[in-house]
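Asks: Let the sequences and hints guide you as you build the complete structure.
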Amino acid sequence: MRSRSGDGFTLIELMVVFAVAGLILSLAPINWTVIISGRKLDSEAEQITRFLNSARMSAILTGTEKKFLLDAVTGRCSIDAGSAEESEIKSCFDEKTEISFVSARQEKIDENTSAIRFFADGSSTGGRIVAQRNSQQVQIRVDWLSGNVSVTRQK
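Under our numbering, the sequence shown is numbered contiguously, ending at residue 155.
Treat the hints with care, since some could be wrong.
[Unchecked claim] List time: in silico DSSO-like cross-link candidates among lysine-lysine, alpha-carbon distance up to 27 Å: (1) Lys90 / Lys40; (2) Lys96 / Lys40; (3) Lys108 / Lys96; (4) Lys90 / Lys108.
Hints listed in this document are in silico derivations from the structure and should not be mistaken for laboratory results.
Replies: Put into structure tokens, the structure is as follows:
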């Protein structure tokens, strides 16, 4: 007569473990759309931050003013270098992102488009971009005195 060793699990024990794990996972569903949209918003904020910093550094290095332009309706942004050939236009936000853009009154181009101007000394006219997607929100601030760009994430 062979003795049975106590190593391993029976098929029934494994099935019970998987059933309990499945039950627990079904009770706590993960909202993947919120996670994915939050990542998309973070990615857009990083892109805007790089674009703003690029405009600031370009103004410092060339010794000329540079304007960061943003159309809050289409989500398109550009750095106005003074001529159409030098301007770089990007789609900074997609259509699912709600945008509000606050800038100096004299930098308002039209009803939807405003600008932040960077000066040769690194300072700027300042401004704030608020991007919202579902329940996620990101604020991108440009300090008027130093021209520094900062990002704050709010839930």
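Asks: Does each hint fit the structure? Answer for all of them.
Replies: Cross-check of the supplied hints:
no.	hint	in the structure
1	Lys90 / Lys40	16 Å, holds
2	Lys96 / Lys40	10 Å, holds
3	Lys108 / Lys96	24 Å, holds
4	Lys90 / Lys108	19 Å, holds
Violated hints: none; the structure is consistent with every hint.
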